[in-house]
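Student: Based on these hints, arrange chain B on the given structure of chain A.
Each chain is listed here by its residues.
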Amino acid sequence: MSMRTTGARLAWDQFWAIIWKDLRSELRTRQAWMSMGLFALLALVVFNFAFDLRVENLATVGPGALWIAFIFASILGLARNITVEQDRGPMDRLLIAPVDRSVVYLAKVIGNVIVISVIEAVALPVFAILYNLPIVQPAIAPILLLGTLGVAAVGTQFAALAANTRARELLTPLLIFPLIVPVVIGAVRATEALLTPIHGDAPWLGLLAAFDVIFLSVSAITFQFVVEE
Amino acid sequence: MSAQMLRAARPVDPPAAADAPPMDAIRLERLVKAFDARPILRGLSYTLPAGRTLVIFGPNGAGKTTLLRTLATLARPTSGSALVAGLDVIADAHEVRRLVGYVGHQPHPYEELTARENLLFFARMYGLRDGAERAASLLERVGLRARANDRVRAFSRGQAQRLALARGIIHDPAVLLLDEPDTGLDQEALALLERLVAERRERALATVLTTHNLERGLRLADDALTLVRGRIAYAGAAATLDVAAVERLYAGKPLAEQATRQAAGGAA
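Residue numbers (this note's numbering), protein chains in the order written: chain A, 27 to 255; chain B, -13 to 254.
The shape of chain A in the complex, shown without the other chains:
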C-alpha cells in the first residue's frame, strides 16, 4: 500500500500540481502566450493611432486603453485554459480524482494570473513608450495584480460555465464583461490616480481588493456546480 498525503497538505500539493501542469503545458505550446501577447500589443498600437493623445489627454485616455488591451487579451487565454481541458476530456479524469473543486478553481485562477502577468510585463513597457507615460514604477504592481486577479477570478468561473455550451465563444465574453465592470472601473481609475494623483480620490485599490475577495470566495464555493454534472 502506498503512503498517502491527506488533508490540507494534500490540497496544497494538488493546488501546485494543477498550476504546474497548466503552466508546463502552456510553456510547451505557447498558444495562449502568443495570441494574448500579440493581441495586447496590437491593441495598444491601434489605440495609439485611434485616440487623441495630446499631452493634456494622455493620463485620462492612457489607462483606459491599457486596461482594455489587457482585459480583451486576458479573455482569449482564460477561455482557452478551461476549454482545452474540457474539449479533450481530461477534465473528467481530473474530476474523478479526490481533489476539492475549490482547489481546482483557485489553481486555475492563479495559473491564469501568472500567464496574464507575463503578458502585462511585456506590454507595459511598450505602452509606456507608445503613450509616453511614466507608468513603469513599483506602485503599478498592486494595481496590476488586483485587476488581473479580478479578471481571472471572473473569467475562470464563467469560461468553465460556458465551456459545455455550443455557443461558448459568444457566451464567454457575454457572461464575463458585465461582471468585470467593477474591475475595469477600479483598475482604470487607480492607474489614472497613479499618473495624476487626486487628493481625496476614492480608494480604488480597496474596491479592487474587495471585489477579488468576494468573487474568489463565492466562486471557490460554487465551482463544483459549474464543472460537475
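Hints were generated in silico from the structure; no laboratory data involved.
Calculated from the model, a selection of chain B residues having no Cβ within reach of chain A, i.e. all distances over 12 Å:
hint: 1; residue: Met9
hint: 2; residue: Glu180
hint: 3; residue: Glu233
Derived, one-sided and incomplete: chain B residues facing chain A with beta-carbon distance under 10 Å:
hint: 4; residue: Ala61
hint: 5; residue: Gly90
hint: 6; residue: Pro95
hint: 7; residue: Leu106
hint: 8; residue: Arg110
hint: 9; residue: Tyr112
hint: 10; residue: Arg115
hint: 11; residue: Arg153
Note that CB positions come from ideal geometry on N, CA and C, so glycine has one too.
Tutor: What follows is chain B alone, placed relative to chain A:
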C-alpha cells in the same frame, strides 16, 4: 468493517486496495439516470460482492458508460442510489473518488506532458508519497518505459490507452472501472489488460469492465450484467453465458430456461 468506521478512519490514512473492506464492491438500488427527461438507466438494482470481476455487456446506448460514470461520481443518479464499497456516490463522492479508478474508452491524457509527467500529476492528485516509484513501475509494466519522457501528443492511440490504464491504477484502487478498455489496444496490450484483471482478481479487488468483445468479457469475468435499453436483461455468473446467449439478450430474446433461472437468482 462498517461504512461509518471506514469514514472515521479516512482522515488519518485513507484505505487503499490492500486494506479495502470486505463489503459489497457495488450496490445499486433502483438506480435511474435520465438526461433531459430521457431515461438512460431505468431502475437498476444489483449487487457486486467484494473482490469479484464483473463484465457489463450491452448494445450501444444500453447505458454501460452512464453506469460506469455514475459509479465514478462523474454523473449523478436521477433517483435511486449507487454505493461503492458502502459509500454513496453523491453523499460520499470525495471518499468514493479515493477508492475508484476509472479508465474510459477515450484515453484523454494531458497531451503536452510526457507519459511520466502525466502519471506524476495524478500521483500528486491522489496524494501518493511514492508517486515517482509508482510511475516508473507502471510505465515499465505497461511497456512505455522507453517513451516515459516523450510528450503524449506523439503517442499512438494504443500507447495513449496503455498510459490511461497506468493512470487508472496508479493509486491501486479498491474498485477499478474499465469502460471498453480494449479499444485500440494491440495484442500485447490486450494481454497486459487481461493480466491486470487476473491479478486484481487474485488480490480480491473488484473490477468492472464493459466491452463489446463478448468472448473476452466472458473469459475475464466472474459475473456478467447485460443491459438492454437501460434495464438489466441478465445478471448472474459469467460462466453460465456464452456469446450466443449474450447476442440473444441483445436481440431482446429470452435465454434458455436454465440460464434464465440462474439469472433470476443472480440479480439482487
